[in-house]
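Protein chains: 2
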Amino acid sequence: MDNKGYIILGIDPGSIKTGYGLINAVGRSFFHIDNGLIMPPKGLDFKDRIGFIFRGVCDVMDEFKPNAVALEDVFIAKNAQSALKLGHVRGAVMSAAAIHGLPLFEYTPTRVKQSVTGNGRAEKFQIQEMIKILLRLKEAPYEDAADALAIAITHAFTV
Amino acid sequence: MDNKGYIILGIDPGSIKTGYGLINAVGRSFFHIDNGLIMPPKGLDFKDRIGFIFRGVCDVMDEFKPNAVALEDVFIAKNAQSALKLGHVRGAVMSAAAIHGLPLFEYTPTRVKQSVTGNGRAEKFQIQEMIKILLRLKEAPYEDAADALAIAITHAFTV
Chain A
763 MDNKGYIILG IDPGSIKTGY GLINAVGRSF FHIDNGLIMP PKGLDFKDRI
813 GFIFRGVCDV MDEFKPNAVA LEDVFIAKNA QSALKLGHVR GAVMSAAAIH
863 GLPLFEYTPT RVKQSVTGNG RAEKFQIQEM IKILLRLKEA PYEDAADALA
913 IAITHAFTV
Chain B
763 MDNKGYIILG IDPGSIKTGY GLINAVGRSF FHIDNGLIMP PKGLDFKDRI
813 GFIFRGVCDV MDEFKPNAVA LEDVFIAKNA QSALKLGHVR GAVMSAAAIH
863 GLPLFEYTPT RVKQSVTGNG RAEKFQIQEM IKILLRLKEA PYEDAADALA
913 IAITHAFTV
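Line by line, the protein sequences are chains A and B. Just so we're aligned: the first sequence equals residues 763 to 921 in the numbering used here. Just so we're aligned: the second sequence equals residues 763 to 921 in the numbering used here.
To be clear, the hints were calculated from the coordinates, so they are not data collected in a lab. Wrong hints could be hidden among the right ones.
One copy or two, either will do: identical chains are not told apart, so a pair holds if it fits within one copy or between any two.
Once the Cα atoms are required to be at most 25 Å apart in a straight line, the calculated SDA-like pairs of lysine to any residue come out as [unchecked claim]:
{"id": "1", "residue 1": "K827", "residue 2": "D807"}
{"id": "2", "residue 1": "K804", "residue 2": "L864"}
{"id": "3", "residue 1": "K827", "residue 2": "F919"}
{"id": "4", "residue 1": "K886", "residue 2": "L799"}
Small disclaimer: the values here were computed from a predicted structure and weren't measured.
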């Protein structure tokens, strides 16, 4: 991190919606660049959803050229089936980081909530509101995109 | 599939060892091209293991230019943790197929065993022996590579 900034791509992985958020960390400040959702069209096979998410993450990396990727670490999955699905998405994100030669950092949901709101058990809407304030946005981003920005901010606090 | 052949890359995914096997299906015959194991070095972080496997699969695709990928479908995972790990590897393989524009087909272990040995509950060593015979090899391949060849052959039977 220096005066030219350090662009962090935060990712909140999910097979229905994968949130992404980009911030530029300059010294001890950070600035919002972009955020959004990667949502495979309904009706795609699961394997094609994973390919869609992989390409979507690659597109974001190609467009914004981040210096690092911050990914939400795994919570205790409810069951083997949801763990398996989440694993596929995380594997696609890790593959995208690998092909772009980007370092990847992982943070647990509790750590992310703690970093952004001061409360490791914060609700989704509290994250959205804090992201709006911290990044001086006019509106709160969508839940998963707000989570992705929160993950990026968590990484900014550690570098 | 025509007289020029149809190259199938079979993959048996695993975070410790990922087996791969390539065959060329020409008419109703098939020929062995190559097989092997992608094994991330010990001591790598899990996320770096996934990146290593992704790159390894991409390298095999770049070298042998398969027409299709056949992947072992998910067995009922023992628990959420093993499902999560397997999901990551499968996500990396799906990403590699996506970036190479390759169609991907999935077959359950039972179907693969049935196709190759006639017994859906065949043991690993029986698969190895049948692969050796079917592909006219001097020695049986390693277990996971033999499984990958069996997955490729299963796909050859369906096209």
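Hints and how they fare:
1. K827 x D807: Close across copies (24 Å), not inside one copy (29 Å); limit 25 Å.
2. K804 x L864: Intra 30 Å, inter 21 Å, cutoff 25 Å: inter-copy only.
3. K827 x F919: within (20 Å within a copy, 44 Å between copies)
4. K886 x L799: within (16 Å within a copy, 43 Å between copies)
Going down the numbered hints, you'll see the structure goes against none, and every one checks out.
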